[in-house]
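So the sequence lines, in the order shown, correspond to chains A and B.
Under my numbering, the first residue of the first sequence is numbered 1, with each subsequent residue one higher.
Under my numbering, the first residue of the second sequence is numbered 1, with each subsequent residue one higher.
I should point out that these hints are in silico values taken from the structure, not numbers from a laboratory.
Hints are not guaranteed to be accurate.
[To be verified] With a Cα cut of at most 25 Å, we get these calculated DMTMM-like pairs of lysine to aspartate or glutamate: (1) A/420 / B/248; (2) A/240 / A/109; (3) A/393 / B/148; (4) B/249 / A/322; (5) A/240 / A/84; (6) B/249 / A/251; (7) A/407 / A/248; (8) A/391 / B/33; (9) A/56 / B/88; (10) B/227 / B/88; (11) A/237 / A/104; (12) B/249 / A/400; (13) A/420 / B/148; (14) A/297 / B/33; (15) A/391 / B/84; (16) B/161 / B/247; (17) A/161 / A/400; (18) A/297 / B/302.
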Amino acid sequence: MSLCNRELCPSVRCLTLPDARFKTARITVGLFMPLTKDTVEEQAILPFLLTRACAKYPDFTALQRHLNRLYGAAVSGDVARVGETQALVLTAECTADRYALHGETVAADCAALLCEMLFAPALENGVFRAQDVEIEKRCLAQTVAAQVNEKQWYAQCQAEKLLCPDEAYSIGRYGEGSRIEALTPEQVTAAWKRVLREATVQILVQDEGELPAVEEAFRRGFAAVEGRAPVPCETVKLAKRDAVRRTERMDVNQCKLVMGFATGCAGKDAAVPAMRLACALLGGTATSLLMRNVREKLSLCYYCSSQYDRLKGVIFVKSGVEEANAARTEQEILRQVACVANGEFTDAQLEETRRAMCQAFEGVGDAGAAIGAWYVAQGLSDTPETPEETKRKIEAVTREQVIEAAKQWQLGCVYLLAPKGGVTDV
Amino acid sequence: MCKWQAVSNARLGETYYHRRHSSGLPLYVWPKEGFRTTYAVFLTKYGAIDNAFVENGETTVLPAGIAHYLEHKLFENEECDAFDRYAETGANANAYTSFDHTAYLFSCTQNTDESLGVLLDFVQAPYFTAQTVEKERGIIGQEIRMGEDSPSRQVFCNLMKALYHHHPVSIDIAGTVDSIAEITPELLYRCYERFYHVNNMALAVAGDISLEQVDRLADAWLKPTDKTAPVRAAVDEPTACVQPYIEEKMEVATPLFNLGYKVPMNTSEGLPDEPARGVAAAAVLEEILGGHASPLYAQLMEEGLINASFDVSYWTGPGFACWMMGGESDDPQAVCAAFKAEVARLQREGIDPDVFEESRNAVYGRMISQTDSAENCGDLLVDGWLCGRDAFSILDEVATLDIQSVYDRLRHDFDERTCALSCVIPNQTEEGVSR
Chain A
1 MSLCNRELCP SVRCLTLPDA RFKTARITVG LFMPLTKDTV EEQAILPFLL
51 TRACAKYPDF TALQRHLNRL YGAAVSGDVA RVGETQALVL TAECTADRYA
101 LHGETVAADC AALLCEMLFA PALENGVFRA QDVEIEKRCL AQTVAAQVNE
151 KQWYAQCQAE KLLCPDEAYS IGRYGEGSRI EALTPEQVTA AWKRVLREAT
201 VQILVQDEGE LPAVEEAFRR GFAAVEGRAP VPCETVKLAK RDAVRRTERM
251 DVNQCKLVMG FATGCAGKDA AVPAMRLACA LLGGTATSLL MRNVREKLSL
301 CYYCSSQYDR LKGVIFVKSG VEEANAARTE QEILRQVACV ANGEFTDAQL
351 EETRRAMCQA FEGVGDAGAA IGAWYVAQGL SDTPETPEET KRKIEAVTRE
401 QVIEAAKQWQ LGCVYLLAPK GGVTDV
Chain B
1 MCKWQAVSNA RLGETYYHRR HSSGLPLYVW PKEGFRTTYA VFLTKYGAID
51 NAFVENGETT VLPAGIAHYL EHKLFENEEC DAFDRYAETG ANANAYTSFD
101 HTAYLFSCTQ NTDESLGVLL DFVQAPYFTA QTVEKERGII GQEIRMGEDS
151 PSRQVFCNLM KALYHHHPVS IDIAGTVDSI AEITPELLYR CYERFYHVNN
201 MALAVAGDIS LEQVDRLADA WLKPTDKTAP VRAAVDEPTA CVQPYIEEKM
251 EVATPLFNLG YKVPMNTSEG LPDEPARGVA AAAVLEEILG GHASPLYAQL
301 MEEGLINASF DVSYWTGPGF ACWMMGGESD DPQAVCAAFK AEVARLQREG
351 IDPDVFEESR NAVYGRMISQ TDSAENCGDL LVDGWLCGRD AFSILDEVAT
401 LDIQSVYDRL RHDFDERTCA LSCVIPNQTE EGVSR
């Protein structure tokens with residue numbers, strides 16, 4: 001499996017990964033735009049609207065029946081946050097041509113359909129159709145509202161707002177429900193045209209071989225966009241600051257504790273691999289310091305983990321606990337954070353963590369969806385790292401570099417989602 | 001020694017192998033050329049529905065959640081935790097308890113022999129003390145609390161309570177904080193002895209693995225037994241459901257709903273011996289009833305009654321089978337009415353042959369994609385063993401399925417007298433508003 005990386009036109013890159021092991025072909029188009037409060041909603045609706053219908057298949061049901069005929073092919077849209085960039089992602093997945101019962105060219109057809117959806121949507125009098133916009137507005141607004149259903153996700157989003165107030169990082173990737181409801185077809189159409197003009201684009205083709213006709217169709221499509229001028233997408237590293245605390249009460253049984261840390265290390269900083277390894281040592285594996293101590297030794301929780309966002313340079317530690325144990329859990333987490341920074345871990349623990357991370361990187365190439373996610377996360381890079389390259393960087397990190405990385409961690413926020421009627425405030 | 005039997009599928013170009021080890025354990029191996037990942041599952045036919053057993057003529061009723069508790073505790077032995085041993089190999093290990101089985105698994109790209117050794121060893125070496133069992137109560141208590149705050153889990157669990165009178169599928173897999181308080185080391189040992197032995201278990205390995213590796217490790221680690229596999233007692237479950245409607249208030253934005261149709265079981269002993277053809281027909285019927293290409297999906301979307309969370313699925317296990325239709329809606333009753341009307345229309349008018357062919361094509365394509373990863377292949381082997389089927393059988397049945405088989409399911413499975421609706425509604429809602 002070798003990665004072919006070609007620039008189709010300025011800021012439009014096509015990555016091709018021919019791989020005959022898979023029975024599924026996958027074409028992913030990532031359109032990267034700055035995440036701003038003014039544009040987040042009108043851009044967020046686009047992947048859903050564009051994959052709902054197109055000029056060639058204006059009727060949703062007719063389109064879906066066409067996809068069923070193509071062996072259950074699926075085209076879908078979603079939005080991801082990559083640092084402080086909004087990634088609008090369109091994906092087509094289908095069976096590889098060799099499994100078609102009647103010799104159809106399934107992968108090329110699906111890729112061509114995705115291209116049609118992006119450049120030739122179903123418009124009426126030059127704007128998106130009102131009924132399509134209304135359906136996708138309602139669905140998107142419900143997705144945003146449903147954030148509260150999943151308490152871990154909700155608590156994470158609230159902690160991000162607490163840690164990074166007034167920064168693009170705290171803008172939800174879909175935006176606000178009330179602003180979604182206010183979108184108009186004209187506004188959304190203007191956003192679509194802007195995205196075609198200004199987005200940095202990554203097209204990832206995963207199939208048995210290359211799909212040159214698809215590459216050419218996308219190249220022609222972007223070359224035909226008038227006034228195309230990609231805008232830079234940048235993520236501002238979080239500055240260290242005094243910790244802020246917030247307790248929110250809701251009708252829940254279990255508290256969700258989220259602690260945010262600034263690391264001072266992000267993007268292309270040389271210490272990023274060491275920071276990744278340090279964070280994994282703290283709470284990234286089943287035998288991490290947090291799991292060994294907060295869960296196994298003190299029986300305070302079912303889960304306790306840490307995650308590093310290397311683009312923003314922040315770490316979040318998460319756990320679900322009884323309210324009576326929240327303060328104790330926080331203290332123990334801080335104690336484990338100090339253990340990493342003070343070098344109070346064994347060489348064996350460090351090597352176990354490194355081994356687990358390296359095997360995870362080695363496994364990325366065995367799952368088509370994981371490969372897609374791997375490259376979308378690096379969609380702004382002209383030369384994205386392969387999992388093997390990242391693995392080698394982790395292998396080269398020293399114990400001293402891990403300790404030095406952890407010394408940079410500074411607590412920035414403590415957020416607690418707690419049951420109504422309780423008395424503990426963090 | 002039993003020789004490896006190859007099971008090949010020309011459509012997929014895939015082959016897996018199985019044999020019974022001299023210890024008695026069924027072994028399944030699916031080598032995946034070119035893959036670096038190995039995925040292994042060691043499982044027992046012991047799950048949450050096994051809530052009682054008879055020994056020397058005496059029935060022991062088990063506390064709800066004990067199979068899941070046992071899963072947690074098995075990772076610990078006298079010297080160390082199995083996760084510590086996996087940490088040395090670098091494998092990513094986990095376990096889960098379902099209604100009808102408990103599985104211990106790992107995936108890795110290196111040190112496969114060592115990881116497989118850890119798996120086969122710790123699952124066969126229980127070690128429970130009052131102290132270690134007590135320590136786990138707080139951890140599992142928090143897992144239960146987490147589940148109680150999950151609306152999607154609650155809407156499903158409540159539906160099972162509304163559908164089933166006696167079948168233990170209506171009991172939460174993890175139990176309750178009160179029920180797990182009754183669990184003791186002695187009880188865990190009794191369950192272990194009953195359900196964890198090679199005649200009630202299987203090993204499935206897929207990915208970067210050879211038959212020789214599995215032979216060698218099975219010989220080294222497996223412990224033979226003279227115990228026989230326990231037989232699940234039939235449950236005398238009435239056809240009718242318990243209650244037609246069940247509701248819970250939670251912190252949610254939009255009501256969640258799940259409409260269930262309880263399917264009459266054809267087997268008196270309640271085993272999951274549904275023929276592959278029936279499962280294939282159900283998969284195609286799911287697509288016809290609620291797939292994105294269905295007229296119902298488009299209608300409900302246009303009327304503003306559903307969003308992308310809408311789903312229709314068939315679910316079956318030992319002694320139970322049901323259809324579920326669910327998602328989020330401001331008006332679950334209206335969605336249910338539309339669904340019932342669509343089922344009635346199709347029962348009356350029959351299924352359009354073009355729609356049948358397209359739906360069958362879609363299911364066929366998705367099943368092909370299912371064999372793309374070591375994890376999926378391993379899980380197919382597990383399902384095959386649990387249901388007594390060849391892992392490729394459902395795909396083969398889909399490829400040759402006829403419209404009548406699907407129509408028969410439609411006629412047989414959907415009876416409004418056996419259905420119940422479960423809703424989770426926003427806690428600010430006044431009583432009955434969403435009904």
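A quick look at each hint next to the structure:
no. : hint          : result
1   : A/420 / B/248 : holds (17 Å)
2   : A/240 / A/109 : violated (50 Å)
3   : A/393 / B/148 : violated (42 Å)
4   : B/249 / A/322 : holds (21 Å)
5   : A/240 / A/84  : holds (17 Å)
6   : B/249 / A/251 : holds (10 Å)
7   : A/407 / A/248 : violated (30 Å)
8   : A/391 / B/33  : holds (23 Å)
9   : A/56 / B/88   : violated (55 Å)
10  : B/227 / B/88  : violated (34 Å)
11  : A/237 / A/104 : violated (49 Å)
12  : B/249 / A/400 : violated (52 Å)
13  : A/420 / B/148 : holds (15 Å)
14  : A/297 / B/33  : violated (42 Å)
15  : A/391 / B/84  : holds (22 Å)
16  : B/161 / B/247 : holds (11 Å)
17  : A/161 / A/400 : violated (33 Å)
18  : A/297 / B/302 : violated (53 Å)
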